[in-house]
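Using the sequences and the accompanying hints, generate a full structural model.
These are the residues of each chain, in order.
Number of protein chains: 2
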Amino acid sequence: MASLQDIATSAYINLLSVLMFLLGFAFLRLQPINDRVYFPKWYLKGIRESPNKSGTLVKKFVNLDFKTYLFFWNWMPAALRMPESELIDHAGLDSVVYIRIYLLGLKIFVPIAILSFAVLVPLNCTGKTLDDIKDLTYSDIDKLSISNIPSGSFRLSAHIIMAYVFTFWTCYILYKEYEIISDKRLEFIASENRRPDQFTVLVRNIPPESDESVSEHVEHFFSVNHPEHYLTHQVVYNANKLAKLVKELKSWQNWLSYYETRFERNPKKRPRTKTGLWGLFGRSVDAIEYHKTEIEKIIQEEIDEREKVISDPKSIVPAAFVSFKSRWGAAVCAQTQQSRNPTLWLTEWAPEPCDVYWDNLAMPYVQLTVKQLIIAVTMFFLTFFFMIPIAFVQSLASIEGIQKVLVFLRPLIRMKRVKSVVQGFLPGIALKMFTASLPTILVQMSKMEGHTCHSALDRRTAGKYHLFVLVNVFLGSIITGAAFDQLYAFLNEAPSSIPKTVGVAIPMKATFFITYIMVDGWAGIAAEIIRVVPLIKFHFKNTFFVKTKQDKEEAMDPGSLSFATTEPRIQLYFLLGLVYSVATPIILPFILVFFAFSYTVYRHQIINVYDQNYESGGRFWPDVHRRIIISLIISQVLLMGLLSTKNAAKSTPLLLVLALFTIWFHIFCKGRFESAFVKFPLQEAMKKDTTERAKEPKLDLKAYLRDAYVHPALKGAEIERPAAVDEEEKNPLVSTKRRTSKSSSGSFGAEDAIEELLSYL
Amino acid sequence: MASLQDIATSAYINLLSVLMFLLGFAFLRLQPINDRVYFPKWYLKGIRESPNKSGTLVKKFVNLDFKTYLFFWNWMPAALRMPESELIDHAGLDSVVYIRIYLLGLKIFVPIAILSFAVLVPLNCTGKTLDDIKDLTYSDIDKLSISNIPSGSFRLSAHIIMAYVFTFWTCYILYKEYEIISDKRLEFIASENRRPDQFTVLVRNIPPESDESVSEHVEHFFSVNHPEHYLTHQVVYNANKLAKLVKELKSWQNWLSYYETRFERNPKKRPRTKTGLWGLFGRSVDAIEYHKTEIEKIIQEEIDEREKVISDPKSIVPAAFVSFKSRWGAAVCAQTQQSRNPTLWLTEWAPEPCDVYWDNLAMPYVQLTVKQLIIAVTMFFLTFFFMIPIAFVQSLASIEGIQKVLVFLRPLIRMKRVKSVVQGFLPGIALKMFTASLPTILVQMSKMEGHTCHSALDRRTAGKYHLFVLVNVFLGSIITGAAFDQLYAFLNEAPSSIPKTVGVAIPMKATFFITYIMVDGWAGIAAEIIRVVPLIKFHFKNTFFVKTKQDKEEAMDPGSLSFATTEPRIQLYFLLGLVYSVATPIILPFILVFFAFSYTVYRHQIINVYDQNYESGGRFWPDVHRRIIISLIISQVLLMGLLSTKNAAKSTPLLLVLALFTIWFHIFCKGRFESAFVKFPLQEAMKKDTTERAKEPKLDLKAYLRDAYVHPALKGAEIERPAAVDEEEKNPLVSTKRRTSKSSSGSFGAEDAIEELLSYL
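Just so you know, the protein sequences line up as chains A and L, in that order.
With UniProt numbering applied, the first sequence covers 1 to 761.
With UniProt numbering applied, the second sequence covers 1 to 761.
Worth flagging that the hints you see were computed from the coordinates, not collected in a lab.
Incorrect hints may have been included.
Put simply, identical chains are the same to the list, so a pair is met inside one copy or across any two.
[What the hints assert, rightly or not] Computed cross-link-like contacts, DSSO-like style, restricted to lysine-lysine with a CA-CA straight-line distance of at most 27 Å: (1) K45 / K552; (2) K371 / K176; (3) K241 / K269; (4) K702 / K715; (5) K325 / K687; (6) K687 / K552; (7) K552 / K41; (8) K247 / K41; (9) K292 / K541; (10) K128 / K371.
Below, the structure is given as structure tokens:
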């Protein structure tokens with residue numbers, strides 16, 4: 001067990017690395033050459049212009065105004081200055097709700113920390129149990145924890161009272177926050193501009209009809225069953241092959257740029273390449289010419305495929321986007337059941353056009369349920385048997401393993417230095433590789449579950465990741481040993497003994513988690529702000545690929561908040577805070593620093609960097625709320641176990657009541673707020689419809705909606721439309737993705753096509 | 001352990017009692033005097049007339065046609081003869097779906113029984129394990145069970161294969177049945193005549209508005225948010241006090257009838273009564289005069305109260321029945337969320353007028369969730385600690401207990417004969433009293449949960465009763481000991497050891513359950529058909545109260561299928577069948593007899609006797625389905641435990657896969673069918689609307705709906721209406737309860753009032 005001294009050393013190291021990251025960030029950020037890496041959002045909004053246009057050559061790349069370096073921390077107050085309403089306009093509600101999670105952490109834990117330090121720490125300090133034990137090593141940290149209270153002491157009642165106070169406080173704050181966020185969401189939806197998804201419903205599992213096309217069938221069905229509200233619809237094409245061609249084209253295009261840039265810089269030597277695999281084998285040819293012909297070939301192929309997709313009725317999947325004359329009509333259709341068979345004509349709110357996950361639109365009901373079953377089973381095994389393949393790979397990655405498999409490396413490995421590197425690093429790298437690949441695996445699993453929009457995919461992935469963090473990081477750290485060992489133990493132990501086993505280990509692991517918080521929470525967040533990977537990527541692209549201004553725009557990769565992986569990590573801090581608030585309150589200040597620092601950093605990032613791919617209007621909040629409730633219940637159960645080993649088993653009913661209250665509170669909140677995140681109340685729809693009708697009585701909604709839900713790979717092509725009137729020239733194209741709105745679809749030359757196609761990637 | 005001989009004896013006794021009941025029924029049924037007890041449904045339908053109108057005096061009361069006695073079983077083929085479609089018309093879908101549960105039992109267990117006897121019984125018979133054990137007593141039954149298979153024998157794989165076959169067969173039949181019943185339900189709904197609830201939505205939690213009455217507020221809200229569909233609405237009055245007065249009046253009226261009858265029979269002596277408590281104390285008065293004045297007083301009181309309810313705005317609760325111009329409009333409103341706050345303006349399909357449970361309409365959201373929490377906790381304690389109060393009362397009911405409490409009885413109790421009676425019967429009676437009062441307790445608990453219709457109350461009560469049967473009857477019989485002992489043991493045992501403990505006990509309890517099936521399932525059902533209580537009640541009422549023809553109608557108490565208590569009992573047989581199908585198949589024929597016999601009996605009862613209070617269209621089927629799935633999973637888990645004690649623990653994963661499949665099957669069915677029982681598809685609504693509009697273009701729907709949802713105690717009074725046009729004379733009253741349809745509301749004399757009021761009770 002680590003002493004206060006060890007913790008201080010660790011804190012010192014971590015604070016130093018944080019400071020280094022921040023200084024590095026401050027320095028890099030001020031160089032004009034990096035401006036597009038650290039402020040891409042402003043470029044995307046068209047507000048910021050490259051600073052390296054005027055001035056001397058040096059000034060273009062390096063900031064020589066040394067005064068600015070002195071105030072290296074000034075991005076922090078700047079990040080905190082923007083008011084929330086403005087921030088919603090600037091970055092969208094999703095981002096704002098996301099950073100409010102950190103704020104929620106502060107709101108919950110600041111009063112809890114103060115109370116703990118005022119009440120529990122003095123009580124624990126003067127417990128004197130550990131002073132009497134001579135044969136056990138204990139640290140100063142333990143003296144401040146519940147371990148220092150004698151068994152069966154009356155002082156433990158203070159801990160129970162505090163558990164009550166903390167639970168009620170957390171619930172109060174959670175309730176308030178749920179209320180605020182659901183209000184914000186409804187306000188946001190009410191104040192939003194007209195958007196295609198407000199009028200549109202996604203219909204899936206359209207039953208096949210022998211004598212009608214899908215399009216006709218949809219039109220007939222909705223004209224009959226929503227006669228006063230149905231407006232138009234768009235069928236969904238299976239354009240997966242086309243999308244693949246577009247991607248291929250993009251790659252060729254990139255290489256062409258690369259060779260052209262090379263040629264420009266060194267006009268004497270035309271670059272050459274080989275036609276075989278990876279440009280390494282085959283005939284040697286002129287690279288620029290070769291790429292140009294290949295690109296033309298692919299463009300032709302793409303045009304043919306596009307023709308095929310549009311003309312072949314088989315490429316129409318049994319799903320459609322049906323639009324209504326009013327938001328009221330769409331709200332009604334999205335919330336009701338259409339046909340006798342509840343697995344046919346499934347309706348749901350259409351996602352934003354750029355949020356649609358096109359690949360999953362055609363999945364039938366039986367396939368969906370089977371896939372969900374498979375995923376659930378896989379998830380169970382992935383969570384509990386995650387360590388098995390890692391242990392296997394780690395054993396392979398050991399000296400003996402490598403010697404066996406790769407015989408020819410044997411002489412190399414026998415060298416002493418190589419050996420120590422292999423032994424020291426390979427197992428760690430193996431673990432890191434598995435952990436790093438986890439989000440990708442989870443996303444793939446969520447995709448298989450058949451969600452139709454990216455936001456749902458993210459939410460589901462976050463749920464899986466949370467389970468994983470809970471089992472493999474939290475429980476795995478407390479009870480050392482692989483998760484499947486735990487599972488086996490749990491199955492063969494009495495249910496009442498599990499909280500005891502875990503509860504007892506809680507105070508002992510406090511120092512471990514304090515170190516974890518400093519490494520992952522402090523230094524990790526500081527590393528986030530410096531954006532190493534995008535920085536390198538941007539400069540690499542800028543050097544080799546960028547020719548036009550648009551290329552430069554593309555080379556900027558603002559990225560986005562990856563909700564799926566970051567949110568479950570925040571949840572770990574909530575869990576640690578709640579579990580340790582009673583047992584070892586000394587951990588709380590470390591968590592508070594994490595929340596405050598992360599809040600500032602992410603506020604800066606969403607203002608200056610991230611550009612979200614979609615806007616779900618804080619749709620994920622019920623998940624966040626639920627997970628905090630889960631943490632709360634875990635903390636109560638573990639406290640039960642801890643206290644029952646302290647001869648205070650008679651407190652169990654008291655804590656059971658508390659857990660019951662927490663569950664009830666969750667059900668209450670779910671009923672009270674959740675539907676604001678799932679349904680769209682008719683009153684709101686009617687209000688918005690009425691206002692719009694008064695403001696713009698002559699709006700041509702049909703034209704507005706006509707091309708909103710076209711597969712991105714098909715944009716601009718002549719596709720089948722319910723009403724075959726071609727008014728393309730007359731009407732402005734609908735912007736379906738913020739970034740795309742700049743590209744216009746005019747004549748259909750190869751040049752334009754490439755440009756347009758590229759802009760979708 | 002009982003031998004085959006013991007079982008045979010028990011079967012003999014039970015079969016004899018069944019025969020006696022059936023002969024008794026055959027005899028009683030044929031007596032004209034009992035005609036109204038055994039065929040009340042036909043009287044209510046107005047098809048059957050009293051047979052004792054013509055013929056000699058003797059013939060009026062006794063059937064002298066001895067030939068009819070010879071065919072005493074002929075009610076059975078008669079009961080089975082009526083085709084199902086006709087039965088739906090005659091008895092309603094609820095009853096038909098109910099008896100289909102028995103049919104489902106036959107469909108599931110006939111093939112399972114055949115397979116078991118063909119495969120498992122021979123395997124078990126030749127197992128020879130029990131022959132080798134000398135020091136254990138075992139019976140012939142055990143020789144036919146899995147106990148006779150040696151540990152770790154390869155023969156056990158046959159049992160696992162059979163578990164798979166039985167599960168797949170059960171799921172297949174369940175799927176088919178779900179499909180059939182959801183089709184039947186949708187057909188039933190589609191073919192139903194126009195009914196007020198098809199157009200009406202129950203709105204609860206209407207927010208208070210300072211400057212509008214509830215009625216105005218409702219009208220404004222729905223005119224704005226459903227402008228094209230809103231038709232009219234009816235506010236709900238809190239008429240609980242009025243209903244109490246009506247009940248009181250009914251009681252006085254009954255006694256008046258009684259005295260008048262007495263006076264008629266013995267005109268010389270006017271009956272007298274006392275004015276005090278229970279007619280035992282106080283001043284002696286002329287009974288008829290006294291009752292007449294009292295009745296008039298109450299009628300006046302009732303008229304005043306009615307005035308008060310109607311004129312006082314405080315008696316309007318924040319709930320209303322809102323009617324729409326079309327079924328489509330109502331379907332939309334019922335399925336969507338109306339306002340931002342999802343706990344306000346809650347909409348749901350209105351129940352049938354006679355299905356409304358008026359007392360619960362005014363419950364606000366917070367109160368509702370708090371009450372549900374309390375009920376959940378109470379239910380937990382009731383289930384697991386049910387035996388505690390019983391044990392306490394039983395200890396009081398012992399000789400010593402009585403001697404202590406009731407000292408004055410001491411000499412009486414000391415008599416030997418009295419002593420033995422007390423010791424033998426009192427504890428049994430105490431248990432019986434508690435068990436008998438259980439449904440009432442459960443109904444009261446369900447009422448507190450805030451359901452708005454009787455059918456939902458029944459369904460919820462059935463759910464609670466099912467839990468109780470599962471824990472206290474099934475588990476309680478297998479592991480002898482009180483449920484809370486089991487709970488304690490389960491909490492302190494490993495989860496994997498629970499199925500073992502229970503599973504091992506399964507084959508040993510087979511003989512007990514065989515006896516149970518014969519007593520409860522065979523003799524119990526035979527006792528059902530003889531209708532002892534209604535028989536006595538009818539003759540008692542007929543003798544003392546009946547004067548007019550209408551009185552006679554009322555004296556008939558057809559009763560109704562009490563779904564809440566009978567369905568969970570059937571579930572016990574499903575559970576026993578599934579659990580024992582692999583372990584001790586010899587139990588299956590007994591269960592088959594139960595299902596076949598019950599099916600015949602209940603078919604007879606719903607044709608000739610029962611008159612349902614409400615019609616929910618088989619709304620309870622998802623519950624039935626879910627509970628059979630639960631039984632299936634319990635049987636698989638117990639088989640796992642049983643096999644793991646037979647050194648076949650490696651079969652556990654195989655059975656886990658099976659359990660997983662079963663859960664998945666349930667989720668699949670839920671998604672596929674459940675919404676047919678919850679929602680009303682818009683396509684169906686539109687179809688019905690269109691047909692109706694074509695058939696009756698001039699229908700005055702507003703007039704039709706105007707008085708549909710008036711509190712029964714307020715029927716006929718002048719209540720506030722949204723549109724204050726009084727067209728009462730022009731329009732026929734809507735029949736809201738089948739039995740009431742006969743009473744007409746004309747002039748409002750005291751006589752009519754009583755008659756009308758009585759008819760609602």
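Just pull the numbers of the violated hints for me, sorted ascending.
3, 6 and 10
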